[in-house]
Amino acid sequence: MPKAQSTPRDAPATNPDAVYLPGAAHDEMFAKGGFTRPHYQLLQRDIDALGAQALADRQRTLERSFLLQGITFTVYGAGSATERIIPTDLFPRIISASEWAKIEAGLVQRLKALNLFLADIYGEQRILTDGVIPRDLVLGCPAYRRQMQHLYVPHQAYANVCGSDLIRGEDGEFFVLEDNLRVPSGVSYMLANRDASRRTFPATFREARVRQVERYPDMLLSTLKSMTGDGRPNPQIVVLTPGVYNSAYYEHAYLARLMGVPLVEGRDLAVHDNRVYMRTTEGLRPVDVIYRRVDDDFIDPLSFRRDSSLGVAGLFNAYRSGTVVICNAPGTGVADDKAVYAYVPAIIRYYLSEDAILPNVKTFLCREPADLSHVLANLDSLVVKAVGASGGYGMLVGPHASAKERADFAEALKADPDNYVAQPTIQLSTAPCLADGKIEPRHVDLRPFILSGDKVVVTPGALTRVALKRGSLVVNSSQGGGSKDTWVLADDGVADQAGDGAP
Amino acid sequence: MMLARVADSLYWLGRYVERAEHISRLAGVMLNATLDRTDAADQAARIALAAVGDGAAPESVDAIGSAQALVLDRDSASSVVVSLAHARENARQVRDQITTESWERLNMLYLRATGDAAGQAYAYDAPDFLQRIIADLHLFKGASDATMSHGDGWRFMLTGVYIERAQLIARLLKAGFGGGESSALDDHMAMVSLLRMACALEPYLRVYTADMNAQFLLEFLLFDEEFPRSIRFSAARIEEHLAHLSKGRELGRADPLRLAGRLNARLAYADVEEVEEGGAGALLAAVSAECVAIHGAIFETFVAYPLEMRLPA
Numbered sequence: 060m061p062k063a064q065s066t067p068r069d070a071p072a073t074n075p076d077a078v079y080l081p082g083a084a085h086d087e088m089f090a091k092g093g094f095t096r097p098h099y100q101l102l103q104r105d106i107d108a109l110g111a112q113a114l115a116d117r118q119r120t121l122e123r124s125f126l127l128q129g130i131t132f133t134v135y136g137a138g139s140a141t142e143r144i145i146p147t148d149l150f151p152r153i154i155s156a157s158e159w160a161k162i163e164a165g166l167v168q169r170l171k172a173l174n175l176f177l178a179d180i181y182g183e184q185r186i187l188t189d190g191v192i193p194r195d196l197v198l199g200c201p202a203y204r205r206q207m208q209h210l211y212v213p214h215q216a217y218a219n220v221c222g223s224d225l226i227r228g229e230d231g232e233f234f235v236l237e238d239n240l241r242v243p244s245g246v247s248y249m250l251a252n253r254d255a256s257r258r259t260f261p262a263t264f265r266e267a268r269v270r271q272v273e274r275y276p277d278m279l280l281s282t283l284k285s286m287t288g289d290g291r292p293n294p295q296i297v298v299l300t301p302g303v304y305n306s307a308y309y310e311h312a313y314l315a316r317l318m319g320v321p322l323v324e325g326r327d328l329a330v331h332d333n334r335v336y337m338r339t340t341e342g343l344r345p346v347d348v349i350y351r352r353v354d355d356d357f358i359d360p361l362s363f364r365r366d367s368s369l370g371v372a373g374l375f376n377a378y379r380s381g382t383v384v385i386c387n388a389p390g391t392g393v394a395d396d397k398a399v400y401a402y403v404p405a406i407i408r409y410y411l412s413e414d415a416i417l418p419n420v421k422t423f424l425c426r427e428p429a430d431l432s433h434v435l436a437n438l439d440s441l442v443v444k445a446v447g448a449s450g451g452y453g454m455l456v457g458p459h460a461s462a463k464e465r466a467d468f469a470e471a472l473k474a475d476p477d478n479y480v481a482q483p484t485i486q487l488s489t490a491p492c493l494a495d496g497k498i499e500p501r502h503v504d505l506r507p508f509i510l511s512g513d514k515v516v517v518t519p520g521a522l523t524r525v526a527l528k529r530g531s532l533v534v535n536s537s538q539g540g541g542s543k544d545t546w547v548l549a550d551d552g553v554a555d556q557a558g559d560g561a562p
Numbered sequence: 061m062m063l064a065r066v067a068d069s070l071y072w073l074g075r076y077v078e079r080a081e082h083i084s085r086l087a088g089v090m091l092n093a094t095l096d097r098t099d100a101a102d103q104a105a106r107i108a109l110a111a112v113g114d115g116a117a118p119e120s121v122d123a124i125g126s127a128q129a130l131v132l133d134r135d136s137a138s139s140v141v142v143s144l145a146h147a148r149e150n151a152r153q154v155r156d157q158i159t160t161e162s163w164e165r166l167n168m169l170y171l172r173a174t175g176d177a178a179g180q181a182y183a184y185d186a187p188d189f190l191q192r193i194i195a196d197l198h199l200f201k202g203a204s205d206a207t208m209s210h211g212d213g214w215r216f217m218l219t220g221v222y223i224e225r226a227q228l229i230a231r232l233l234k235a236g237f238g239g240g241e242s243s244a245l246d247d248h249m250a251m252v253s254l255l256r257m258a259c260a261l262e263p264y265l266r267v268y269t270a271d272m273n274a275q276f277l278l279e280f281l282l283f284d285e286e287f288p289r290s291i292r293f294s295a296a297r298i299e300e301h302l303a304h305l306s307k308g309r310e311l312g313r314a315d316p317l318r319l320a321g322r323l324n325a326r327l328a329y330a331d332v333e334e335v336e337e338g339g340a341g342a343l344l345a346a347v348s349a350e351c352v353a354i355h356g357a358i359f360e361t362f363v364a365y366p367l368e369m370r371l372p373a
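Going down the list, the sequences are from chains A and B. Going by the working numbering, the final residue of the first sequence carries number 562, and the count climbs one at a time with no gaps. Going by the working numbering, the final residue of the second sequence carries number 373, and the count climbs one at a time with no gaps.
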């Protein structure tokens, strides 16, 4: 009898009609020739044993549990509002221990360097004086906040919560595609997906020795506590949300609940004599640390956007005077700007004297004339992104765009080159997903979460975002992306030896 | 100690949950009464409608259509689906303050009762649809009781439940006996229907036996100390919860606890004979007015207080 793992196969055996065709991209589960990768063999065994019907049932159970928990967004239609769940896929994406070790080291290195960069930019600006990165690119960046200049930030931890987007290229190497240092979201989906996958594949989960992500809320809490700087006892920590209509509200409430701290809105806070208070039933109570999930522009109408009703008047002055800490610090966006991104390897070298462990994707800055002409000549093979945009908006995927779309983008590029960067179109790796009862490859990325306060910690897990449309390379949830759980294995040996195909 | 906005939302959550349950029951009793083509059935339908609206009982009613509107009308301020949507919205505002067990019960009920299939389910078997809503609301209350800390948040929610309940029962009694003479309600089956609307039939029978008597009925729903849907019982709970919430506070002139104490005393020392002779109208009106005053005082004291008064020392 041929052993399961040594049999080249076209598809997981659940549905003989479905042919699993990984295509040109690197596939997370199957190596070239159809061999199941070692760290996926336990899952392969479970999928085979369950069969199509049981898998579909489990997918339904999973979706129902998301609906019940309220992990939903609201679609407003004619006269009625419908609740939709964030699409979620039942198969976990699995990362071997050795690969994770490299990712983890790379993420820690990167965030350390970016925090040093922020401390420098909002301090002496040595890196600009030394000409490593153009002055106007940094100081002209829309996310640069001059109000932050010369402000003390404990541990130089500007970005306390960071969610970086990693992708795996065709050769199987991980790249950093983007850093998110403002108000990154998705961690609640990581935790909800984990909760679900433990129930969907309990036996595999146990055997595979998956590392825990459940400590995230308390690690976040200690990170926030460490930001009081002066170590005041029992600091009052709050989560600041824009409110129930924000698409990430579920996450805000989830984190507040699991950290055991109040979830506040701007209208719950008031500033008096440079001290921030929250309105309680027993009067005003001082607040020490604000984990804010409101964008910079909206946190304080007196210092930033004057028409904001989501923030608190006087909050920034209280922050300046040191009575309250805002996490993440305002102005962190300058370090995840799409143009500054191109300089991150240089930033790492400048502050840490190390080479970047996780490489960047080759990036053309359209502000440079040479890059611009290259981009214009190769629009059909590049991905062009507007610097100021996020969430998959303002983006051209060259190979998938029409001639008209490319021509329109070329005009926009010429009109405002500073606003655009371009990168080669990378075939993101694929992972098996259940689509209409069949197992099909879908492109995925990886968003791990890194905390930095008195120390930098990477949660051993991540949100794997999935492009739900076959062939699509856009994984953003605002563009119809879904997610799946991510298993980081504690020990590669277990997976290698397990399964019925052990040598 | 809790956020003022959160206390407000929990209070309203309690009110809407109670309202949804009460209206479901009124609709159920109306539907059941339509099966008998009698005067008593008409009377029951009219009482139920009057207990919902503020106006006088309409002369002729389309009980089946009215019941459906009470349950499913999305444009009505107090229909069951609208109350459930408000309850769930308030719960979502304070999702971090209520337990997952309570939230999931309410969310599931909300999704079922307001979803696309709800109209069909109601048309297929309305009594079952209503019974399941009431049962799910009991599950929600039970889950809250069993899993939430019985601290301030829980007390704000229950204060909302009991204020809503006292007002709803007062309105129901006013609809049944409001004419001034308790003889307005004389039919045996109409009285049974009214007791059912207050979920009081079986507890009433245990005290007074199957001897239906308008005076007993009025006394039971107004003054009984043990029945959880009597106005007296509700007033006692309101005072009890407010006493906990007001610990360490000085009682101001418009303090909710003082007002609740007055309402409770009014019911405890009410002259039953007086009610027998002059009808319950005056007492019921006073109960409603005092509930409104307590509601306003809670808001002023715990939620919308002026900031400068309450800075920490």
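I should point out that these hints are in silico values taken from the structure, not numbers from a laboratory. Some hints could be false.
Looking from chain A toward chain B, a few residues come up when the C-beta cut is under 8 Å (computed) [what the hints assert, rightly or not]:
{"hint": "1", "residue": "A312"}
{"hint": "2", "residue": "V323"}
{"hint": "3", "residue": "S432"}
Nothing here was measured: the structure is a model prediction, and the numbers come from that model. Cβ atoms here follow ideal geometry from the backbone N, Cα and C, with glycine treated the same way.
Tested hints:
1. A312: Check passed: Cβ of A312(A) comes within 4 Å of chain B, closer than 8 Å.
2. V323: holds, 6 Å
3. S432: Because about 52 Å separates S432(A) from the closest Cβ in chain B, which is outside the 8 Å limit, the hint is violated.
Violated hint: 3 only; the structure is consistent with all others.
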